[in-house]
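Peer 1: Below are the chains, spelled out letter by letter.
Protein chains: 2
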Amino acid sequence: MDYIKNPETIEKMSFVIIDDQVKADYGGYPTENQIEKAILRRVIHTSADFDYLDNLHISKGFIDRTLKAIKKGLTIITDTNMAYSGINKKVLEKMGCQIRCYISEDETARYASEAGITRSMASVIRAAEEAGPKLYVFGNAPTALFKTLEIYEKKDENLIGIIGVPVGFVGAAESKEVLMTSNIPSITARGRKGGSNVAAAIVNAILYEADHRYG
Amino acid sequence: MDYIKNPETIEKMSFVIIDDQVKADYGGYPTENQIEKAILRRVIHTSADFDYLDNLHISKGFIDRTLKAIKKGLTIITDTNMAYSGINKKVLEKMGCQIRCYISEDETARYASEAGITRSMASVIRAAEEAGPKLYVFGNAPTALFKTLEIYEKKDENLIGIIGVPVGFVGAAESKEVLMTSNIPSITARGRKGGSNVAAAIVNAILYEADHRYG
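As you go down the protein sequences, you meet chains B and P in turn. Note that the first sequence ends on residue 1095 in this note's numbering; no numbers are left out. Note that the second sequence ends on residue 1095 in this note's numbering; no numbers are left out.
None of these hints come from the bench; they were simulated from the model. Being a predicted model, the structure only gives us computed values, none of them experimental. Quick reminder that beta carbons are idealized off the backbone N, C-alpha and C, glycines included. It is possible that part of the hints are untrue.
To be verified - Non-contacting residues of chain P with respect to chain B, defined by C-beta distances greater than 10 Å in every case (computed):
no., residue
1, TYR883
2, ALA1011
3, PHE1026
4, GLU1030
5, ALA1052
6, ASP1091
7, HIS1092
8, GLY1095
As the list claims (entries may be wrong) - Derived pair list, reagent style DSSO-like, types lysine-lysine, alpha-carbon separation capped at 27 Å:
no., chain 1, residue 1, chain 2, residue 2
9, P, LYS903, P, LYS940
10, P, LYS1035, B, LYS1035
11, B, LYS974, B, LYS951
12, P, LYS885, P, LYS970
13, P, LYS1035, P, LYS952
14, P, LYS917, P, LYS969
15, B, LYS1034, P, LYS952
16, B, LYS1034, B, LYS940
17, P, LYS1034, B, LYS885
18, P, LYS940, B, LYS885
19, B, LYS1034, B, LYS974
20, B, LYS969, P, LYS903
Throw the hints in and build the complete structure from the sequences for me.
Peer 2: As structure tokens, then:
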């Protein structure tokens, strides 16, 4: 069988195809900002879904704030092991950043059981108790996103921002609306769509930009 | 904030909403088979994308063959750590099955470097060298799917089947067409869409049915 085998070639060709189709069928990207375009490109690449041209919402100042925090070193908190797995750990380590997913830890199960809450909620409570700047990344659990919004109702300089793109039919769209209308710097996707793959793609696009600037 | 916190309730409500929308907007599921419906329901649940009603292709006999093999104990091979992470390991262990992802192993990097091939391709070559029944699961890498199709051009009773749903713009649709028109028992998705989340959702739907029958 004859097929292209080089992953870098495949990725570059994919981006050319995506840019071409965005131009031809959607009148171009909805932004002139190169980093925002890179985020959209990676989200479409991981989902093959051009709906994100309409759905994705990047709050003003989120990218600059997050890039600066990455330069200083932050901790990424993910809601699922899937989102955790999709994030480029090599670049993350190179930038001196950390990543943590609490969901499968025994201490989280114990905390959830004692408090009578879900492990997703226990995860973000545990995360918030730790010191240092944090970027929360949610691809799956609206309950985790809701709980995080409750925790950070009062401003906290350790909260760098939230990438909140839970997918689903119950609570997902609502949780993202609350995030989008809050004062918290965020990236989110209107409606039901999203997912761990989308969450990881957004993080990677920002990490690659950080690596390009400061790496 | 007021929101539904119980994950089981969220899942059950989501399935009710999905079934309702499938009936109202798409004239029902394209199959009467309950397991096929369960697979479609979970794929829509993980993607919020009803295109899979049209896209998903389940080859005749795949489900029975895979359920029987799960009962006897098989090994699932995933192309990415994301797909690996999304598969329910508790049910998998309960059924006496194994799961393996070779992509990040040092031996795979060494093999790929020496042979001048990608790690995705080296992964499936290494997997095929091991004994025992195998179910391949691809959500990301068309090169891994193409290579697996090459490896199994001759019939091999250790190949139970392939869940091949790589997402993407270069090679993904083509690799899935080759899979779909092969004699290998398979589940695939026509076109560009798919992903690690979709792959994991399909595996989980089948695992839950196996657990229901034999657990």
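Peer 1: Evaluate each hint against the coordinates.
Peer 2: Verification of the hints:
no., hint, verdict
1, TYR883, "5 Å, violated"
2, ALA1011, "26 Å, holds"
3, PHE1026, "5 Å, violated"
4, GLU1030, "6 Å, violated"
5, ALA1052, "8 Å, violated"
6, ASP1091, "20 Å, holds"
7, HIS1092, "23 Å, holds"
8, GLY1095, "22 Å, holds"
9, LYS903/P to LYS940/P, "24 Å, holds"
10, LYS1035/P to LYS1035/B, "62 Å, violated"
11, LYS974/B to LYS951/B, "10 Å, holds"
12, LYS885/P to LYS970/P, "22 Å, holds"
13, LYS1035/P to LYS952/P, "20 Å, holds"
14, LYS917/P to LYS969/P, "22 Å, holds"
15, LYS1034/B to LYS952/P, "55 Å, violated"
16, LYS1034/B to LYS940/B, "19 Å, holds"
17, LYS1034/P to LYS885/B, "22 Å, holds"
18, LYS940/P to LYS885/B, "30 Å, violated"
19, LYS1034/B to LYS974/B, "32 Å, violated"
20, LYS969/B to LYS903/P, "43 Å, violated"
Taken one by one, the earlier hints fail for this structure at numbers 1, 3, 4, 5, 10, 15, 18, 19 and 20, listed in ascending order.
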